[in-house]
Amino acid sequence: MSVRIYLAEEILTAYLSGELDHHAARSIREEIDEAAQRAHPTVLVLDFRDVTFMDSSGIGLVMGRYALMQELEGELRIENLPIHIKKVMRLAGLERLANMEAGGVKK
Amino acid sequence: MKPLNEMRLSFPSKSANEAFARTAVAAFVAGLDPTVDELTDIKTAVSEAVTNAIVHGYRESIQTIYITAAIYPDNRVVIRIRDKGCGIEDIRQAMEPLYTSCPQEERAGLGFAVMQSLCDKVRVTSRLGKGTTVTLTRTFSGRES
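One line per chain: the protein sequences are A and B, in this order.
With the numbering used here, letter number 101 in the first sequence gets 101, and the count goes up by one each step, no holes.
Convert by adding 1000 to the 1-based position in the second sequence; the result is the number in the numbering used here.
Wrong hints could be hidden among the right ones.
[As the list claims (entries may be wrong)] In the DSS-like style, the derived pairs of lysine-lysine whose C-alpha atoms are separated by at most 30 Å in a straight line are:
hint	chain 1	residue 1	chain 2	residue 2
1	B	Lys1014	A	Lys87
2	B	Lys1014	B	Lys1121
3	B	Lys1002	A	Lys87
4	B	Lys1002	B	Lys1121
5	B	Lys1084	B	Lys1121
6	B	Lys1014	B	Lys1130
7	B	Lys1002	B	Lys1130
8	B	Lys1084	B	Lys1014
9	B	Lys1121	A	Lys86
10	B	Lys1084	B	Lys1130
11	B	Lys1084	B	Lys1002
12	B	Lys1014	A	Lys86
[To be verified] Simulated restraints, written as ranges between beta carbons of each label pair:
hint	chain 1	residue 1	chain 2	residue 2	range
13	A	Thr52	B	Thr1068	21 to 31 Å
14	A	Ile5	B	Val1036	21 to 31 Å
15	A	Ile5	B	Ala1016	20 to 30 Å
16	A	Ser2	B	Tyr1072	16 to 26 Å
17	A	Glu31	B	Arg1092	29 to 39 Å
18	B	Ala1027	A	Ser27	41 to 51 Å
19	B	Asn1005	A	Glu30	15 to 25 Å
20	B	Thr1139	A	Glu10	23 to 33 Å
21	A	Glu30	B	Leu1004	39 to 49 Å
22	B	Lys1002	A	Ile83	29 to 39 Å
23	B	Met1001	A	Glu30	32 to 42 Å
24	A	Thr52	B	Asn1075	43 to 53 Å
25	A	Tyr6	B	Asn1005	39 to 49 Å
26	A	Glu10	B	Thr1068	46 to 56 Å
Calculated directly from the structure, the hints in this document are not laboratory data.
Note that the structure is predicted; figures quoted are calculated from it, not measured.
Glycine included, each C-beta is placed from N, C-alpha and C at the ideal position.
Excised from the complex, chain B in its bound form:
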């Protein structure tokens, strides 16, 4: 299926950009006329993925985070958050609720659990030393406009 609309975004992995990233994605999907709840869900999921890229992917060094998003005719939104950071050794362990590799930073270890509960599908691919891509899929209710 060909997307109706697409966007791509890249920005430095500064924590101040977490708000920018989730707001930009929310603005992009606003064309689907989502409910307030749906928008909040997407913002939260994107915020989790971007935070992971900053804290874990790049370990707080300033490099580039890439986001692409596409809207499909069946009201489906696919958002990809990518870093070229250290990668995840054990994806299954990383996705386990409450697992965190840096407890001293007060990370709750719930990033993936939150993404999974707010999205229809969360896919993670990663290569050590190459980076990580998180793909979030969510279908909106598609109110009549």
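The shape of chain A in the complex, shown without the other chains:
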């Protein structure tokens, strides 16, 4: 699993790629948090388009970043969820926490 992080106009976007499990989640969350603490974005976007596998560790990752964005008084968005990942997120009721987007990238 890897993550590429871009900042544009106070929107920090993290493009996740690969298999998101407990093993991968640790380093990914450190990278994202470091970038977010530095940039203080108004919006943090987690883009899941290239995530090929996710278990409940991914839910932990989303919940943790939600808490971080609350702290930074910003918003969390989850974008481009593949169907199999949406299934796991639905289970956790994550729609209530973050703005969840299945289709194209939100403007």
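Following the hints, complete the assembly by docking chain B onto the known chain A.
The following block gives chain B in isolation, referenced to the frame of chain A:
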């Protein structure tokens, strides 16, 4: 009913082996010609059980995790994930959605909920100080091959 095929697997409880374990089980059940969704479900459920063994059973110390899997003639797959770790004091509480014994690790407390939603049956047996066994049962649709 006698199984058509069986396998057993043991590996050290390193988190890097989570991917190995779920992929190995998926490769084993591929003989049943499962759908992509069915394969993803099994991989996810196995990943949850193996992660539990690593994080909770062995509390991140490196010991051995054992997996056995069997395929039955009625397209049923039974997968057993076993650790010889600390055991679970209160299984009912551990299986409650959102309950986690280590929130600081960002565990969502949804491992068992995910396993239960993706499998037909999830059985947990545990003894304090002896270890935990999670048995996952799932019947595949069994496409004509």
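Against the structure, the hints:
1. At most 30 Å may separate the alpha-carbon atoms for a hinted pair to count; Lys1014(B) and Lys87(A) meet this at roughly 27 Å.
2. Restraint check: the Cα-Cα separation between Lys1014(B) and Lys1121(B) comes to about 27 Å, which is no more than 30 Å; the hinted pair holds.
3. Distance restraint check for Lys1002(B) and Lys87(A): the Cα-Cα separation of roughly 33 Å exceeds the 30 Å cut-off, and the hinted pair is therefore not satisfied.
4. Between Lys1002(B) and Lys1121(B) the CA atoms are separated by roughly 19 Å; this keeps the pair inside 30 Å, and the hint holds.
5. A threshold of 30 Å between alpha carbons decides the hint, and for Lys1084(B) with Lys1121(B) the separation of about 22 Å falls inside it, so the pair holds.
6. Using a Cα cut-off of 30 Å, the hinted pair Lys1014(B) and Lys1130(B) holds, with the two alpha carbons roughly 20 Å apart.
7. Using a Cα cut-off of 30 Å, the hinted pair Lys1002(B) and Lys1130(B) holds, with the two alpha carbons roughly 29 Å apart.
8. A distance of roughly 15 Å separates the Cα atoms of Lys1084(B) and Lys1014(B); the hinted pair therefore holds under the 30 Å criterion.
9. Between the alpha carbons of Lys1121(B) and Lys86(A) the distance comes to roughly 22 Å, so the proposed pair stays at or under 30 Å and holds.
10. Under the criterion of a C-alpha separation no larger than 30 Å, the hint pairing Lys1084(B) with Lys1130(B) is consistent with the structure, at around 5 Å.
11. For the proposed pair Lys1084(B) and Lys1002(B), the alpha carbon gap of about 27 Å is at most 30 Å, so the pair holds.
12. The straight-line distance between the Cα atoms of Lys1014(B) and Lys86(A) is roughly 27 Å, inside the 30 Å bound, and the hint therefore holds.
13. The hinted window of 21 to 31 Å between Thr52(A) and Thr1068(B) holds, with their beta carbons roughly 27 Å apart.
14. A C-beta distance of roughly 30 Å is found between Ile5(A) and Val1036(B), which places it inside the suggested range of 21 to 31 Å.
15. Judged by the Cβ atoms, the range 20 to 30 Å given for Ile5(A) and Ala1016(B) holds: they are separated by roughly 23 Å.
16. At roughly 39 Å, the beta carbons of Ser2(A) and Tyr1072(B) sit outside the given window of 16 to 26 Å.
17. Range check, Glu31(A) to Arg1092(B): about 37 Å between beta-carbon atoms, so the 29 to 39 Å window is met.
18. The beta-carbon spacing between Ala1027(B) and Ser27(A), approximately 26 Å, falls outside the hinted interval of 41 to 51 Å.
19. At roughly 42 Å, the beta carbons of Asn1005(B) and Glu30(A) sit outside the given window of 15 to 25 Å.
20. For Thr1139(B) and Glu10(A), the hinted distance range of 23 to 33 Å is not satisfied, since their beta carbons lie about 50 Å from each other.
21. Checked against the hint of 39 to 49 Å, the C-beta distance between Glu30(A) and Leu1004(B) comes to roughly 45 Å, which is consistent with it.
22. Hint check: Lys1002(B) to Ile83(A), Cβ distance near 36 Å, so the stated range 29 to 39 Å holds.
23. For the pair Met1001(B) and Glu30(A), the beta carbons lie near 48 Å from each other, so the given range of 32 to 42 Å is not met.
24. For the pair Thr52(A) and Asn1075(B), the supplied restraint of 43 to 53 Å is violated, since their beta-carbon distance comes to about 26 Å.
25. Evaluation of the 39 to 49 Å hint for Tyr6(A) and Asn1005(B) yields a pass: the beta carbon distance comes to about 47 Å.
26. In this structure, Glu10(A) and Thr1068(B) meet the distance hint of 46 to 56 Å, their C-beta atoms being roughly 52 Å apart.
Against the hints set out earlier in the document, violations occur for numbers 3, 16, 18, 19, 20, 23 and 24.
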